[in-house]
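Turn these sequences into a full structure, and let the hints guide you.
Protein sequences, first through last, are from chains A and B. Per the numbering used here, the first sequence starts with residue -8, numbered consecutively. Per the numbering used here, the second sequence starts with residue 4, numbered consecutively.
Hints in this document: simulated from the structure, not taken from any laboratory. Backbone N, C-alpha and C define an ideal beta-carbon position, used for all residues, glycine too. Where hints are given, some of them may not hold.
[As the list claims (entries may be wrong)] Cβ-Cβ distance ranges computed for the label pairs, FRET-style:
(1) Met294(A) <-> Trp77(B): 30 to 38 angstroms
(2) Ser119(A) <-> Trp77(B): 19 to 27 angstroms
(3) Pro351(B) <-> Phe303(A): 37 to 45 angstroms
(4) Lys141(B) <-> Val298(A): 23 to 31 angstroms
[Claimed, not checked] In the DSBU-like style, the derived pairs of lysine-lysine whose C-alpha atoms are separated by at most 35 angstroms in a straight line are:
(5) Lys207(A) <-> Lys188(A)
(6) Lys301(A) <-> Lys207(A)
(7) Lys301(A) <-> Lys271(B)
(8) Lys188(A) <-> Lys301(A)
(9) Lys188(A) <-> Lys141(B)
(10) Lys141(B) <-> Lys301(A)
(11) Lys188(A) <-> Lys122(A)
(12) Lys207(A) <-> Lys56(B)
(13) Lys122(A) <-> Lys301(A)
(14) Lys122(A) <-> Lys56(B)
(15) Lys301(A) <-> Lys56(B)
(16) Lys56(B) <-> Lys188(A)
(17) Lys145(B) <-> Lys301(A)
(18) Lys207(A) <-> Lys76(A)
So you can see what is in the structure, the chains are spelled out below.
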Amino acid sequence: MAADSLDQRVGRIFESDRRNLASVRRRESLIFACLVACGMFSLAVTVAILVVLVTQTVNFFGFEEVTVGNFFGSIRWNPLLGAEKSFGIWALVSGTLMVTTIAMAIALPLGLITAVYLSEYAPSRVRSFLKPILEILAGIPTVVFGLFALTNNTPSLRLIDERFMIFNAMSGGIAVGILCLPTVCSLAEDALQAVPKTLREGAYGLGGTRFDAVMKVILPAALSGIVSAFLLAIARAVGETMVVAIACGNSPQVTYDPREQIQTMTGFMVQMATGDVSNYGIEYSSMYAVAGMLFLLTLSITMVGTVVRKRFREAYE
Amino acid sequence: MSVAPESTPSPESTPTPASVPASESVNRSDPGHPAGLLRQPGNRRPTGPRRSKDLYFHIVCIFVAAISIAVLSWLLFSVFRKGASWLTWDYVTSPPEPDPMTAGIFPAIWGTIAVCTLCALVTLPIGIATAILLEEFKPKTKFIAWLYGLIQLNISNLAGVPSVVYGILGLTAFVSMFGLFESDTPGQPAFELGGTSFQQYTSLSGRSIYFPVDSSSDGPPTLVDGAEAFQYSIGPDGRPIIDLGRLVPIQLNVLDPGDPYPSDQELKSRTVRHDDYGGRVHDRPWYYFRLPLGSGVLAGALTLMLVILPVVIIATQESLRGVPSTLRDGARGLGATPWQVVWNVTLPAATPGIMTGSILAMSRAIGETAPILIIAGVVYIRHVPQHFMDDFTVLPMQIYNWIDRPQEEFRNIAAAGILVLLAILLTFNAIAVLIRQLTQRPLS
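What follows is the structure in structure tokens.
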């Protein structure tokens, strides 16, 4: 050992652990390329959705029984009737809107008040008890709400009023509202918590009650977040499938009576997918056309919600 | 967080003159006592309409909050009451039957396990990689910054798309693969790997004869005398061993018109009539692969991947943001390359959050019905999936099948299935909470 000079020993130490810088750089770029490919994958998903829906919708309008005027102008949706096919989308859209309206009438006020309670009024013990309950409610699968709507809501509604049909819009709407309530509550609570403490303390310092502070200071300050929460809940209710497929029925019609059967856009898609329709007929393409309308609707609501939250957020600090 | 203006400051906070003994009870309305100042007309607590409005609103809030608790309890109670008595061990281990008294949920449980495991294996790498790209590798040029913004916006939008639309996309992209792989017979795969197909005939003596065919989509084969076919081998007890992997070759004898009817039993057992059509059977091992994918376990897993990918990405981004930058800077200072920092420092630090988020995303995937309904339709599955292209059913879909039937007992076993589903989800959430508790350690 003493025969090796110091230089030689130091050289050996340095060389033994040396990695080629070029190979390290190559490996890093390769890994970065893989990560970019994964990032592009999510873009590819959106592109694929758009491509599929657009081509199939164009295909749908290519059939001779379908005209744009009939699609947007008629209120009868009968794709399966032999001679008298009519493809008026408003029947399905009206069903969706009715269920969504009933659901939002339940979810928005109750969710907002629960959020206000959790954020401003509730002691921490109640908070630690109530928040997990809302999380559990948010995590229950939608089939459960479907069964609940069919076996609990409908009989109860029929007790109240005899004229409720077995499948009706109201029981589905109530179940969808209960579904969306945790979403509204958690998003609205985030918006309320984001209001800076100084505003609250200013309100209390001026002698306001908690109600005064909530109504006059906190809610106006958090309004953009709350509106965004409402819009996201609406988007969720519009896209809800299983509850309406189970409880709302299969007959598309434009009606203002919540006691009657309706069919929503999502319910129609489920009916087409589970039925015996051939893969290339006009009925199959109509499923894609309805999916396209649904996608446009939810996408626009979601984007408006995001824009409202970002653009109109009051910056206080 | 809530400031309570009703609480009055304690007497100790106001200076007591020495003349007032501390043992005296405080009369807060007495103007002579320092604490009595608070009860002067100018300093009263708000009374009248504002105070009562606050009180009423507080009561309304408590009532509304109680509604959600009541609804949840009523929901769970009604499901429990409907289905608890039907949840037996036989129920968990039998296949579904037309008779609700004997129907079970066994294939659905295994289908759920298969699809969700495969889904997790596919989603987690892609989701975590995308989140790492967005959080750790900061953009250096304006174009890349714009691209990152586009990806981020895209993910937020995808999180809001209804799951039926993902089902439609899965139907086109994975089940029929945009129509790219079309074979002559619709529904049959254009490309197969690993499976062997047979045309099954019944011989004159009643035993089955298996004639090999090249692929699933070939037409029925032409039968010629002396061709090689297969039969079940005879076991030691004299009965045939029903196993398509253990066939013995025989020489086929075809009974053309005009041929004498064989009297020899052995000859009869390998004779088929010339116009026999038979049926197609397949022997597919677990690694069987076909294109297009068809509505199998793999297509279902990929469709569920589309549904939960945005959730996984957002959850991973949150947990990566929670790692303090001092750890990263320290690693960089020691000479680590960016990927080494991510792999050796950031990811281990963010793993609890990532695991929690992934488990919650998997809980969502387990409960998703609509995409599976769109790609698979209504199917009556009695067996556990044997390979990745096999037909399958998942728990929520089996429950939906039963709910749709008119008889009341089917609703009961649907409720029992819901109890199984809720038990699985509760276990998952408990595991997530446990991971969150056990791995909470301060990172800086």
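What's the verdict on lysine 145(B) and lysine 301(A), does the C-alpha distance respect the 35 angstroms limit or exceed it? Within the cut-off at roughly 21 angstroms; holds.
Take the C-alpha atoms of lysine 122(A) and lysine 301(A), compute the straight-line distance between them, and say whether it is at most 35 angstroms. Within the cut-off at roughly 26 angstroms; holds.
For the hint 37 to 45 angstroms, verify it against the beta carbon of proline 351(B) and that of phenylalanine 303(A). holds, 40 angstroms
Hint check: lysine 188(A) vs lysine 141(B), CA-CA at most 35 angstroms. Holds or violated? holds, 33 angstroms
Hinted pair lysine 188(A) and lysine 301(A), Cα distance within 35 angstroms: holds, 20 angstroms
Kindly confirm whether 19 to 27 angstroms is satisfied by the beta carbon distance between serine 119(A) and tryptophan 77(B). Holds - the Cβ-Cβ distance for serine 119(A) and tryptophan 77(B), about 22 angstroms, lies within 19 to 27 angstroms.
Hint check: lysine 207(A) vs lysine 56(B), CA-CA at most 35 angstroms. Holds or violated? Measuring from Cα to Cα gives roughly 13 angstroms; hence the hint holds.
Do the alpha carbons of lysine 207(A) and lysine 76(A) lie within 35 angstroms of each other, as the hint requires? Judged against 35 angstroms, a Cα distance of about 55 angstroms means the pair is violated.
Quick check on a hinted range of 23 to 31 angstroms for lysine 141(B) and valine 298(A), using CB atoms only. holds, 25 angstroms
Hey, lysine 122(A) versus lysine 56(B), does the alpha-carbon distance stay inside 35 angstroms? Given that 35 angstroms is the threshold and the Cα spacing comes to 26 angstroms, the pair holds.
Run the distance test for lysine 301(A) versus lysine 56(B): straight-line Cα separation, threshold 35 angstroms. holds, 33 angstroms
Compare the distance between the alpha carbons of lysine 301(A) and lysine 271(B) with 35 angstroms, and conclude whether the hinted pair is satisfied. Since the Cα atoms of lysine 301(A) and lysine 271(B) sit roughly 81 angstroms apart, the hinted pair is violated (cutoff 35 angstroms).
In terms of the numbered hints stated before, the structure departs from hints 7 and 18, listed from lowest to highest.
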